[in-house]
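J.: Chains as they are written, first to last, in this note's numbering: chain A, 1 to 994; chain B, 995 to 1259.
Treat the hints loosely; a few may be bogus.
[Said to hold, decoys possible] The calculated DMTMM-like cross-link candidates involving lysine to aspartate or glutamate, where the alpha carbons are at most 20 angstroms apart (straight line), are:
id, chain 1, residue 1, chain 2, residue 2
1, A, K150, A, D130
2, B, K1233, A, D103
3, B, K1249, A, E561
4, A, K985, B, E1188
5, A, K106, B, E1075
6, B, K1243, A, D103
7, B, K1036, A, E490
8, A, K489, B, D1032
9, B, K1036, A, E561
10, A, K688, B, D1119
11, B, K1243, A, D807
12, A, K106, B, D1035
13, A, K65, B, D1035
14, B, K1037, A, D564
15, A, K22, B, D1119
16, A, K106, B, D1032
17, B, K1233, A, D807
18, B, K1037, A, E490
19, B, K1036, A, E878
20, B, K1235, A, E878
[Claimed, not checked] Here are the in silico distance ranges between beta carbons for each label pair:
id, chain 1, residue 1, chain 2, residue 2, range
21, A, E561, B, E1159, 43 to 53 angstroms
22, A, E133, B, P1137, 51 to 61 angstroms
23, B, I1241, A, F105, 36 to 46 angstroms
24, A, P626, B, R1236, 41 to 51 angstroms
25, A, S962, B, E1188, 19 to 29 angstroms
Source of the hints: derived by calculation from the structure; they are not laboratory data. Ideal Cβ placement from N, Cα and C applies to all residues, glycine included.
In case you want the letters, here they are:
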Amino acid sequence: MAHRIEISSRILDARAHVLKEKLGRLGIRNIDDLSIIDVYTIDADFDGGKLEQIASMLTNPVTQKSNINKPQSPQKFDFAIEIGFLPGVTDNVANTTKQGIEDLFKQKLKSGDEVYTSQIVFLTGTLDKDEIERIVSSLHNPLIQRIINKTNTQFIKDGGMGIGVPKVKLIDVPVADIVPIIDASDEELAIIGKNGIQNKDKNGSRRGPLALDLSYMKTIQSYFKKRERNPTDIELESIAQTWSEHCKHTIFADPIDEVKNGLYKTYIKEATKKIRADKGKDDFCVSVFTDNSGAIVFDDEYLITDKAETHNSPSALDPFGGSITGIVGVNRDTIGFGLGAKPVINMYGFCFADPNDNSPLYKGKSFTQKMLPPRMIMEGVINGVNAGGNQSGIPTPQGFVVFDERYKGKPLVFVGTVGLIPKHINGKSSHTKQARKDDYIVMVGGRVGKDGIHGATFSSEAMDAGSPATAVQIGDPITQKKLSDAIIKEARDRGLYNSITDNGAGGISCSVAEMAKECGGCRVKLDTVPLKYPGLSLWETWISESQERMTMAIPKDKWLEFSDLMKRRGVEATVIGEFNDSGKCVVEYNDKKIMDIDMDFLHDGLPPRPMKTTYTKQKYEEPEIPVPHDLTQSLFLMLARLNIASHEFISKQYDHEVQAGSVIKPLHGKGRVNGDASVTRPRLDSNKGVVCSQGINPSYSDIDTYHMAACTIDTAIRNAVAAGANIEHIALMDNFCWCSSNEPERLGQLKAAVKACYDYAVSYGTPFISGKDSMFNDFNGYDEHGNKVKISVPPTLLISSIAVIDDVMKAVSLDAKFEGDLIYVIGETKDELGASEYYAMLGEERQKKRYIGNVVPVVDAKTNKKIYAAFHKAVQNEIISSAQSVHRGGLVVALAKTAIGGMLGIGIELSKLSGTWTREDFALYSETQGRIVVTIAPENKNAFEKIMHGNALANIGKVTKSSTFAVKGKDGKTIINTNISDLMKSYKSTFGGY
Amino acid sequence: MKKPKVITLTGYGINCEEETKFAFENAGATADIVHVNDLIDKKKKLENYQILAFPGGFSYGDDTGSGNAYANRIRNHLWNEIEQFAKEDKLAIGICNGFQIMVNLGLLPATESYGKREAALAHNDSARYLDRWVDLRFYGNSPWIKDLEMISVPIAHGEGKFYAEQRVMDTIKKNNQIACKYDKGDMYDYSMLEPNPNGSIEDIAGITDKTGRLLGMMPHPERAVHFTNLPNWPLLKEKYKREGKQIPKEGPGMKIFRNAVAYFE
């Protein structure tokens, strides 16, 4: 029978206090009092004495009190809302409690015995039905959580909340179904490909998308025709996973127009190849594109790895679960690099809709399947990376937030991880690995459940009413931390395995089949795979994306030592098969063969699907706007915009100092301004540092995706250079998040952007080392009036840059340092305001819709490269006092950040600014690339100007002691006059309440 | 002189063991990172060490209360060894999650005897994880903080609000067991942030046991071992350079680790 332990706080509960304030901000102001009770439901036979022991283990006697099987409630309350998880959803606190109970009694719980956690929120106040509804919906996500909602009267009548046990009940029989396809019509094949294999139930429901189009289905059909049999469901599901856009990146791989070898090979890979050849002996790339991360040289002994991923679709459904699995997932791309790298830096990037947008969206017709509102998505995503990054002990110093209404259907959640790995381990190079014939296939880490079914095929499709909720997973960072420590810090250096890879999309179906390529085949015994609960279908076990798992190849003679080590570290490791050289991927269940596919077909059988593109350049109306009469007011409004404002509330809740290597932090200067690059010392015994930065400019895609990509590359490089990076040692990563990638126009936009990646990477000599794409970021559903809508994200490219510097003491922060310092702008300023933040702001003010215009910034790589090299020389000579890359919002925003950062005044004379700009407001807000705002000590004037000689350079003003921020216009008249504290107020007010 | 040996515990989500080891070794000790299960399995022995460090981290994901589950594991398997260690003329430190573990084990404040929980580290007033720098003013006679008056170090925690009942507070104060409090110093002058980051009563950041040999603190001195760890180092560097002064290499947190090593000299 189930027992319920309820724990309340005896002291002021900060969680309750903060929740009450949060609800207040949502407009629910009639809550007089709010308290929280934590509930542990123990579904096991324990006597009173043992329950007492368990309760005392869970209760802090200094601050809490507990009741066993006797409801607790505050003296006075009007409503009680209990929130728990749905069956099968990862419940980390419950897992810890279970371990605690087993440790306490030194005895394993019986099979079927479980622990579940929930929370009761008690509310006092006069609240109407609508308000209770709003509270309930803001407290839980119906996809993963269950809720019980009672009034005081009901609570008393029922004697409490009752005992709910969300046990998983599955009755699937473990057999592989035959799917009749060899005689199927094209029509039937298409339906199976789109909606999935038919279940054997009465209403003919289907299992969810395989995302296999007709040409793929026909290829599969003819493969099985030749073998004179139909495939099993597990075979078909397995092929679907392996061939998914998510895994095979067919849009980047297949022929497109005249580009026969596809975009990736022709532009991305080729750029790197050319750059490496050009660099010759100075080539710093070590492993590019082949592994879970890319790697470059750090020093004589170590490599630095880098990888960025997205987790967009899951984050739209369950923002917390989506982003936490995103961040711990990309950590596994580090752990799974070579023989295993140690994660040392996390990065994030979020694209959201305006959190104040309250108009609902629905996935289903007639107002069904309501999507989560932007604010809840934003808060959940931020919390997910908080939990994942902080609990894993990996610093998160670098990230950005971008807002656009077109991220309302699907947010973009970028996550990245940098790793550190010795070049050689046990005398062998660490970045190569090979599973060998007869090695055990070993699954390490978490168990397999129903969570994350069809993640790979799901993210290859647009989101609509059929999107499966089982695609949602919740991460368990501590299970992964134990796994990571045991492997990276112990097993790796003892040489206990031959190969390792991450279990990400497609679960073991992809990781095992992928690793089997290293030796030529595999045989898996599916009945040995450890499950979270009984009753999973075989195909589900094979493709489930349950988190925190790695797949390893372990030589038989090392297995005992490996297994013993994992046991002693509390990590589950199970032999699930053997690698071989049979040329086949075979899966058995209780010795019966349920999958038998040729490795060649599985990996390379998919036929190319040539694509055709078109690209129509949009011509927008050129906004005719007079120069605003009050440019001071404009500056206030600009600094408060979602895309410009401080996101300090995120920076400070992400631990950016763990591992003790923090050098340039996310917040700069006395005024704590968000920087554009971070610097980290990954080896505490060395002065070398890693500079990380990012560039993203989705709004430019409205005008031209080629220039969007060029600006994005320039921004990512420039941000790193401004912090002290040397352009000769910068590597890049590309993350394309596109939309409707089956439409020729969208593909045309893609092709242009990828071409720019080649052109600019080659010009700058900055190789791509890794990348990822997500091609269908579209939402198909209904708006608040029930009208059909399609919301596609703007074509978005994230470029991440990573650089190694020799001496972290030469890194540069953006804050002005001393009164009297000279302010310079490096680079020319042109009238490039197309799709700028300034145009967006003016348009929204005047016509409730942003202006776009047509003159997007164009990058002159040759000129800029010269600037970046000269600037780096000045950095090396330590004559730069502060530096700030100019990007979104233009020059005046960069100047404002320099001033706020230093809490010092600034006096600027715009007449001195070089370039072809024509209007004062354009000079202030143009987003021309290639510019850096610099302050230097006056005594360095000559040295600095000498180093920068031959580059556009203008001494436009001085840092002043007064707190005045003043800009004089062309004719010397003051056009902006304000003070630092007012600027700071604007800059920090937008997210002040978060 | 023989270098003191430090045992830096790890396992189950502890994550600051490497930088803690680095800080101790930088101060002249030798340090081993030991998984708690290796102590339980008797593969390593606590008695072979002079300094015990419970590093920071997220043991068991803070589930059931920060530090609680890890403390239970130690209580279930290692209590006798730990108590013996505490009673000898040796040193122990708990940093952040390590402090939470020591408090849950009743190693701190231990106003009567080791083993009884008398204080708690509750949720920050903001109910949110927070990473920032603070200034600490030191009190009492613990060997860990010898000759320390004020230093700046970072905090990074979600549950760091020190709490104890009045009776315990009175005893702690009477026994000089307060080791450090959040106060206004260099970092306040720099950032103007509220000195107390979490709502701790009486601004308490760290306490000792009655002997002063056991120290627990929420802030992270091991994250302040390099000059470049300071948030204002770019400004200080520029200042020292212009004044013609030497630019330091070391961060303020090192002093605590040097004190510990010096205790055994």
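J.: Sort out whether A/D807 lies within 20 angstroms of B/K1233, counting only the CA atoms.
T.: holds (19 angstroms)
J.: Indicate whether the distance between the beta carbons of B/I1241 and A/F105 respects the range 36 to 46 angstroms.
T.: violated (57 angstroms)
J.: Decide if the proposed pair is consistent with the structure: A/K65 and B/D1035, CA atoms, cutoff 20 angstroms inclusive.
T.: violated (34 angstroms)
J.: Does the structure keep B/K1233 and A/D103 at a Cα separation of 20 angstroms or less?
T.: violated (55 angstroms)
J.: Below or equal to 20 angstroms on CA atoms is what counts here, so check B/K1037 against A/E490.
T.: Within the cut-off at roughly 15 angstroms; holds.
J.: Holds or violated: A/K688 with B/D1119, Cα cutoff 20 angstroms?
T.: violated (38 angstroms)
J.: CA of B/K1249 to CA of A/E561, is that 20 angstroms or under?
T.: Distance of about 41 angstroms is beyond 20 angstroms: violated.
J.: With respect to the beta-carbon atoms only, verify the hint that A/E133 and B/P1137 lie 51 to 61 angstroms apart.
T.: Given about 59 angstroms between the Cβ atoms, the range holds.
J.: Hint check: B/K1243 vs A/D807, CA-CA at most 20 angstroms. Holds or violated?
T.: Status holds; Cα separation ~12 angstroms.
J.: Is the Cα-Cα distance between A/K106 and B/E1075 20 angstroms or less?
T.: holds (19 angstroms)
J.: Are the Cα positions of B/K1235 and A/E878 separated by 20 angstroms at most?
T.: The hint holds at about 10 angstroms.
J.: For the pair supplied as a hint, B/K1243 and A/D103, is the alpha-carbon distance within the 20 angstroms limit?
T.: violated (45 angstroms)
When held up to the earlier numbered hints, the structure conflicts with 2, 3, 6, 10, 13, 19, 23 and fits the remainder.
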